[in-house]
Amino acid sequence: MSSLDTNLAHEALPERQSPFLLFARRLLGNRAFVIGGSLFLIVLVLAVFADQIAPFKPNANNFRARLEAPSAMHWFGTDHFGRDILSRAIHGGRLSLFIGLSVVLFTGVFGTLIGAASGYFRRLDNILMRIMDALMAFPAILLAITVAATLGASVQNVILALGIATTPHTARIVRASVLVVREMEFVEAARALGASHMRILFRHILANAMAPLIVRLTYVFASAILAEALLSYIGVGPPPPAATFGGIIANGRDFMVEAPWVTLFPGLIILIVVLGLNLLGDGLRDVLDPRIRV
Amino acid sequence: MSMLKVENLTTVVGSGVSAPSVLEDVSFTLDAGEVLCVVGESGSGKSMLALTIMGLLGFPVRRASGRIILDGDDITAGGASAWRQRRGRDLSMIFQEPMTSLNPIMRVGEQIGEVLRMRKGMGADTARRRAIELLERVEIPAASSRLAAFPHELSGGMRQRVMIAVALAAEPKLLIADEPTTALDVTIQAQILDLLRDIQAESGMALMLITHDLGVVAEMAHKVMVLYAGRVAEMADVETVFDAPSHPYTQALLASIPSLDSGGDRLVTIPGSVPGVGLMPKGCRFAPRCPHVKDDCRSGPPPLAMLGPAQRVACLRPFGYVRREEGRV
Amino acid sequence: MTEILIEARRLVKHFEPRGLFLKKKSEAAVRAVDGVDLAIAAKETVGLVGESGCGKSTVGRLFLRLLEPTSGQILHKGRDLVSLTPKELEERRRDLQIVFQDPFGSLNPRMSVGAIIGEPFAIHRLAKGAERERRVARLLDLVGLPRAAADRYPHQFSGGQRQRIGIARALALEPQFLVCDEAVSALDVSVQAQVINLLQDLQRELGLTYLFISHNLSVVRHISDRVAVMYLGRIVELADADILFKAPAHPYTRALLSAIPPGHPRAKRDREKLKGDVPSPLAIPQGCRFAPRCRFAVERCRSEDPALSIIADGRSVACHLVADGSLSVPPRLSPHSGAAA
Amino acid sequence: MRDYLLRRLISVVPVLFLVSLMSFAVIWIIPGDPTAAFLDASSTPEDVARLREMLGLDKPPLVQMAEWYGRVLTGDLGQSILLRIPVLSAILERLPLTLLLATLALILAVGLGVAAGTFAATRRGTWADQSVMSLALLGLSVPDFWLGLLLIVVFSVQLGWLPSGGYVPLLDDPLGWAKSMVLPTITLAVVQVGFIARMTRSAMLDVISQDFMRTADSKGLSGLYIILRHGLPNAMMPILTVTGIIAGALLGSAVVVEQVFALPGVGRLIIGGILSRDYPIIQGGLLFLTVIYLLINLVVDLLYATIDPRVRLE
Amino acid sequence: MSLRLKGLAFAFGLMTALVGVTPAVEAAGGEIVIASVQGPPSLDAHVTNAQVARNITLHIYETLYARNENAEPVPDLAEGVSVSDDGLTYTFKLRQGVKFHNGKEMTSADVVASIERYRKIGVSPALVAAIDTVSAVSPYEVAIKLKVKQSVFLDNISSPRAPIAIYPAEEAAKGANEIQYIGTGPFKFVEYKPDSHVTLEKFADYVPNPAYQKRDGLAGKKEVLIDRVTFRFIPEAGARTAALESGAVQIVETVDGPTAERLRKDSKYVVHDVLPFAFQVIKLNHAQAPSDDVNFRKAVQAALDMQEVMEISYSGINQVDGGWVFPKSAFANDAGLDQYNVADFDKAKEFLSKSSYKGETVTFITDNLRPNVDIATVVQARLAEIGVKVDIKVADWPTTSKIGFTKTGWNFWTHGFGIEPFEGPGTVMSAFVGGNAQMVADPEIDRIAKEFYATLDDAKKKELFKQFQQRMYDNMVAIKAGNYGLFQVTSDKVKDFVPFRIPRMWGVTLAP
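Protein chains in written order, with our numbering: chain A, 38 to 331; chain B, 63 to 391; chain C, 64 to 404; chain D, 174 to 487; chain E, 1197 to 1708.
Treat the hints as calculated values from the structure; they're not laboratory data. All C-beta atoms in this analysis are idealised placements derived from N, C-alpha and C, irrespective of residue type, glycine included. Treat the hints loosely; a few may be bogus.
[Stated by the list, open to error] In the EDC-like style, the derived pairs of lysine to aspartate or glutamate whose C-alpha atoms are separated by at most 16 angstroms in a straight line are:
no. : chain 1 : residue 1 : chain 2 : residue 2
1   : E       : Lys1316   : D       : Glu266
2   : E       : Lys1389   : D       : Glu266
3   : C       : Lys338    : B       : Asp256
4   : C       : Lys336    : B       : Glu201
[Stated by the list, open to error] Just some of the chain D residues that point at chain A, by a computed CB distance under 8 angstroms:
no. : residue
5   : Leu191
6   : Thr295
7   : Val326
8   : Tyr466
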């Protein structure tokens, strides 16, 4: 149609390659991601199919089989209720993962909203960030303990406490990312085209500011599991008979010398899950963060 | 004897025999007091050439073969630490980005002084005096007070002057300047180019100037080496390159630049773009974009053939000067 | 001169220092654009040149009201863009578009090329579904990209191709006026020529008006009808491209042109070396802002700020000496006229 | 620099105000009151009412709040209901231990972490890098309270090398003091060592890839000199930022360690305050910890500005 | 143990020696360190009835009368008492030559001031509620006039609950928590480092009560043979045991069953069983559905297997006993016990079907003490079998007790009754008078208690108590799960330790 140099049109185009597929392929090529993902996946599958996999009911008391050492019947031994530690650990994964995921959702949603709002609408920035500063300056663990200890230990309160404790940092990360992306030319291009604030914020800025958030969220997941364990250990975790990793450890700590298996195995499982999630995060970071890429 | 003699230099990315090359079989010589301009677009390997000669290639890029002979000594022979001993003393380099090439949290004086102290063995006082001299030499006003400045307190042009002072500190035999003025405004570029030329003429060192700007080449060069996709396309003295470019790429390159003297004409274009590393065509690397390509161009790399006393071209059928007015190549 | 399409009047943009606490009175605003008048006629190309920090990109953005001017007007077809409501502005934006410098940063990496080029239609609810696809295909044709490009993503394209995508997006709403902000500066020379040709072809075919911002004088010279030279937030010289490049009047323009390396090794070089650096737009000198670096400067230059006034050949110059005739405008040839003859 | 300091100091004020508001909110939200600590389950409501009156808890919250702000502005954090001593002296009495613990852990974490991270960064991709970083990751993933328990079982119960808890004042018995601090410090530091090692490595890799490092290399300087003189100071920027955050985290984690190892620190004071609803202790303690946290971050910012002259311009 | 350990123990000893005001000079005596679970809320004995406080304060302070080994009131600071014929005036004759830690001699003025102080601010006002006036008759005689006749007045005056400790008059003039810790006890206060330790040292001028030959409960001959006692607060059970095993402490106040079992096998330690120590009670809220329904309450009782409940929460140190006094008490009887520990789901379901329970969720509140949480957990699992859904709410003690003393928000609440059974049936009853524990007054219990307090006739009291116990079961006022005890563990170096509910440090020696 034109007298243009149409020769470009004949230049071979590369195969259609969506960034998501590309991303997925790179992820699967990342060793940290694959190892971490597998560890996490194993625990996830165990947790999801806990009812089918666990050899015993997690809350079945048997005071005649209290604090039994690991055996063929009870691989990880029993606690002072005579409950099978392995079964409790498998079920514990379920609750711990649920809590971790909920905290991730909480901090993800609120962190993104607050971070995006203060990064994009400069007028909100100062007030929102001062509030986040205050929340960050407030010792997170104390905050969580305070909320959970005093409002009564429940799954919701643990999620709330950890969510509140982790949100400020998430918001800061999203904000920093938004501040970078909002200066990019494609954002200006969208403004030049007359796009609305919402369209610019969600379609252009947030869509491109997600990488640090996703990485952060995997680490939040890991630290939420650690924190939940800590709260349960202090005695302000989800109420019994709920099996959580920290709860099992807390149950066993009084018999640490006599029945070390009660504390040892759940702790190891926490270690594995958290390790898996951290590796997962590392993998995501390597793939998402171009600075680290070779 | 040439100050610098590069023989069959090949630089690759990654390990193994099939590692893709970013520089292939590059050879040239450079005499003391001479300015060689290395020209090429992005991806031509011109910066890699500089880093290879400096021994500054970082993982996973490495020199696969070839020799670099400086003042009669093969600097590739002694290994990394011997090479390191040469840097700063025999070999120096200036980089493209004056904004980032200086340590942002170290005072300017210290950045010059550490070369003097560690490479020339000067004491602190001597080093300080020498640093002031160097700053004066690169025409920085109020030199002694600038020793305490941090890089961010200087303008881009000033920083590039500081970089030149750093590079000159140990009186190198060869100075490599990699796009030293690309990041600068045109008026500052003129100042820096003048400075470089003056210093080079005064010290008699060899200067290897890397640029993509043919204007800079015209202004500075004695000899020109045109790189395309990691290979030497054409090598000649500067007037020959401008008067009788013989490689189709050199010709197109010259023709595609808008002229200051006459506006409005349709520009000559080169279709396509430089192939990426690892995506090189088998034969002549310019073949896919070359308007004169024939089948034999694709069979193997064309040798760098002597075309005249001062001109060598890597093309199977180099032809004479095509006047710009003839339009598209 | 033909009908004026868009015009800046006394345009000023100061960036105020940010901070809630302890804002010091002495802390000056960055005077990025400090009183710019520039009228652009329909279908012409005005080149805007200047060194980094002179405010040329800010002017480009002010023309599109991507930045809010501190004061002044931008008249587009008789209406002041500054006075428009957001709704009206959204409508106007269809007429006014921009092509950016960075072929990597100007395309949203998460969107397919089709979505990027089609987004203007979505924003203004102009076309949907198959109709939108058809229009996207037409735009791809227009900029010389294969239609299949629509379902690829930006990272799969080379710099030149991306720049074509950016141009296609800017053309989607069929604008009259296009700001090209360093649109070819990031490209290799061989590719740069392709894009310059494309822009010229499009202008011819679509009747576009360009404000072509660049620091590359050769490119500006090549593409522009008229050229404005900026220095520290002001236009110091405005003239037809031929006239300006053959016989620069303002001392700054002269220095600028003479700093350009020659096109040929045998070219004559009588360089007017400029001393020092461009002053910071935080502390603009009194009087003529170029005076401290000007070799012709007299006392008056240091006290009195020269206005941009019309001299011969329809050119405007902001220089006391040129205005009062004490500095003649040499009808001389370009310093590089010997080259490549 | 003075302006910078002043600006930073002033920006702390709204944060402090918000924190104090939050600590009041905590008090209003949480049920129960200080009387519970004095009484066991067989007490009658009359007993409780009597004690409440005695402890001056019958004033409306707004009055209490107004009184509190009035006092705090004159530097008086009030009296502990339970301990019957001024909150400030209660805190100051506990502070040295917590600060010492946190400082020891920080020194260990920064020292070991920076060394390990730098080591790994300079050997990027080698087995040495991978093993150091795997250890760091392991440290990062271990639940600290669990580690503390294991350490007690192994080093205290099984081997009998170190005490299982309790605090020995330094001046009374330097050896005993050192022994008593070993396990708590390790417990507290392990996670942060991993964190800082990873942070250092990535900061160092960032720096190594920068142009001025290549410049330094082009000067022919020795590798170690380049890393120490050019690399590390630049890599310290992100590490310092993280150190500020970590210092805050350490103050929090110290609570747990103080609990596990029975150390009388500020963390346990506040937890005790929360559990016994000793309002002045909760408010004063939280405010105090916040001030320390903000101070640490202020120091970090100043260090930042000292190392990086560009920051002062901000 | 290894040499290293000895070095450590030495270092520890040295450290603790240096902590105090005066260094330990005598070779004999030595210091005993006791590992406690937590620190006392206060060392002002009048204002706290917390067990942790009592353990320490009863070494510092003394009362006019104190409980002997069998929990009967016997003279301590008093030589004796004479009761007027109308039973309203008690005249206490004080021992002479009793010194306070500040060197002053105790006189009637101190006693009057202390009792008056307790009447004002003491946290167990019920103990002194019957008192009309207190007056000094002579320097060594104090007369207390009662408003009404009270059968348990001596029990009250000797109660260790929140003991009516005798302070010097000038201290007694001070407000709650504001006193200096000066008493007449065999140990004097040295220092209190909250969250760390309390140190006491031998009160050199202490004059043991000449009326006794040996120690007897909290009274008797209190002869101090060691120099210092430190109560060290170690919340972690494992760390407590570790401290004992490393020699850092010599006595652990309480260890868990499995630990006790292990230590018992080791000749280096002596494990003392203090059983019974307390009741484990599950309070039922009669003001809140469905526990307002007696059939529901009976269904719960019928479902529970008390052996399981007790063995899980207090492994190895419990008694499955449904009586509302300790088994060895003269008041022990078997009224209502046929309803205790039936562990019969069918019977439970039968009660449940008669009740108004419709499948709603029942709230079980508990503080975060492990045995209490364990009990809630066991009850929950047990009740699930008969289709009762239980939601456990664990919070800290202030929150839990706040809820537990209101009429809504809970159905079950479990905790120990420690001091009540020790004090005797009257105190146990008082917990349920006026609906104190169950939130709705039970007229039958109120009647029985009133008669019980008014009579001085032992046989009648026993009969009334039997009625009380029967009523507890018939109306299922509250569930008694059983009795639990404590394992107190001492190092083999601690000689002549006789376990008691409070680890008494008099009469104890320490082998070098």
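Checked hints:
Annotation: proposed proximity of E/Lys1316 to D/Glu266 is violated, straight-line Cα distance about 32 angstroms (limit 16 angstroms). Of the pairs offered as hints, the one joining E/Lys1389 and D/Glu266 holds, with about 9 angstroms between alpha carbons and a cut-off of 16 angstroms not exceeded. Between C/Lys338 and B/Asp256 the CA atoms are separated by roughly 13 angstroms; this keeps the pair inside 16 angstroms, and the hint holds. Proposed proximity of C/Lys336 and B/Glu201 is supported: the alpha carbons are some 13 angstroms apart, at most 16 angstroms.
Proximity of D/Leu191 to chain A holds as hinted, the smallest CB-CB distance being about 3 angstroms (cut-off 8 angstroms). Using the Cβ-Cβ criterion of 8 angstroms, the hint placing D/Thr295 at the interface with chain A is not satisfied: the shortest such distance is roughly 16 angstroms. Residue-level restraint check for D/Val326 holds (minimum Cβ-Cβ distance to chain A is 5 angstroms; threshold 8 angstroms). With 8 angstroms as the threshold, the beta carbon of D/Tyr466 comes within range of chain A, its nearest partner Cβ sitting at about 5 angstroms, so the hint holds.
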